[in-house]
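Heads up: the protein sequence lines correspond to chains A and B, in order.
Following our numbering, the numbering of the first sequence begins with 1 at its first residue and continues without gaps.
Following our numbering, the numbering of the second sequence begins with 115 at its first residue and continues without gaps.
To be clear, the hints were calculated from the coordinates, so they are not data collected in a lab.
Fair warning: this is a prediction, and the values are worked out from it, not measured in the lab.
Take the hints with a grain of salt, since some may be wrong.
Taking lysine-lysine and the DSBU-like style, the derived pairs with C-alpha atoms no more than 30 angstroms apart in a straight line are [what the hints assert, rightly or not]: (1) Lys58/A <-> Lys144/B; (2) Lys69/A <-> Lys58/A; (3) Lys166/B <-> Lys127/B; (4) Lys166/B <-> Lys49/A; (5) Lys69/A <-> Lys49/A; (6) Lys166/B <-> Lys144/B; (7) Lys144/B <-> Lys49/A.
Facing chain A, according to a computed beta carbon distance under 8 angstroms, are these residues of chain B, among others [as the list claims (entries may be wrong)]: (8) Ser145; (9) Pro157; (10) Gln162; (11) Gly170; (12) Ser208; (13) Pro220.
Ideal placement from N, C-alpha and C gives every residue a C-beta, glycine not left out.
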Amino acid sequence: AQSVTQLDSQVPVFEEAPVELRCNYSSSVSVYLFWYVQYPNQGLQLLLKYLSGSTLVKGINGFEAEFNKSQTSFHLRKPSVHISDTAEYFCAATSSGSARQLTFGSGTQLTVLP
Amino acid sequence: DAGVTQSPTHLIKTRGQQVTLRCSPISGHKSVSWYQQVLGQGPQFIFQYYEKEERGRGNFPDRFSARQFPNYSSELNVNALLLGDSALYLCASSLVGVTNEQFFGPGTRLTVL
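Turn these sequences into a full structure, and let the hints guide you.
Shown next as structure tokens:
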């Protein structure tokens, strides 16, 4: 079964500083990876996804992630964060034949400080 | 276009009761999935339905059941509620195909007292 590990439960960072949120997944023949963001009292919004092809994936709001097969990682990065980026971020994975079952990590709370 | 809608927004029940949560997918989406998100954790997959048939089931007891209607809306039922069932229940809809994005609704917050 697929598993996803988010290594940091909380990441505080100052405004305009860079940030990296770490995610590791269990190896699978065909894995699809996603990053979602959840603002308080809201559902999940897709930031970006890796399906195949280029290992550097660009998403919305200036976020990007790099798929690293050898390290089974899919870390999320942003070069300069804003106060409005404060939210919970979830890494998720699925694989072909898994009936669209997303496996989520436990989440990382990103807090951007003024 | 309307996104995924869920009702009710909040719900309070007592132990042993039964609850029904509802989800309307985005127009044109035929696949609906349900997730449970306990406070402080990531969402956990409960069910996926496509064309009114169950296509996937997570590691949840038989107290949890669901169905999908001809208009592709869906209901999640939980019987004999336990305190541990308190959570945010998320519904997601998508087009056909494993790589298609799942669009999430705002969720139903269930509190079991």
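Do the hints match the structure? See the list:
1. For the hint pairing Lys58/A with Lys144/B, the CA-to-CA distance comes to about 28 angstroms; that is within 30 angstroms, so the pair holds.
2. Between Lys69/A and Lys58/A the CA atoms are separated by roughly 17 angstroms; this keeps the pair inside 30 angstroms, and the hint holds.
3. At roughly 28 angstroms between alpha-carbon atoms, Lys166/B and Lys127/B fall within 30 angstroms of each other, so this suggested pair holds.
4. Distance check on the hinted pair: Lys166/B and Lys49/A sit about 27 angstroms apart at the alpha-carbon level, within 30 angstroms; holds.
5. Distance check on the hinted pair: Lys69/A and Lys49/A sit about 15 angstroms apart at the alpha-carbon level, within 30 angstroms; holds.
6. For the suggested pair Lys166/B and Lys144/B, the alpha carbons sit about 9 angstroms apart, so the restraint of at most 30 angstroms is met.
7. For the hint pairing Lys144/B with Lys49/A, the CA-to-CA distance comes to about 21 angstroms; that is within 30 angstroms, so the pair holds.
8. Hint status for Ser145/B relative to chain A: holds, with the closest Cβ pair at about 6 angstroms, below 8 angstroms.
9. Using the Cβ-Cβ criterion of 8 angstroms, the hint placing Pro157/B at the interface with chain A is satisfied: the shortest such distance is roughly 5 angstroms.
10. Hint status for Gln162/B: holds, given a least beta-carbon distance of 5 angstroms to chain A, under 8 angstroms.
11. Because the closest C-beta pair between Gly170/B and chain A is about 3 angstroms apart, less than 8 angstroms, the hint holds.
12. Against a cut-off of 8 angstroms between C-beta atoms, the interface hint on Ser208/B holds, since the closest Cβ of chain A lies about 7 angstroms away.
13. For Pro220/B, the interface hint holds, since its Cβ comes within 8 angstroms of a Cβ in chain A; the closest pair sits about 5 angstroms apart.
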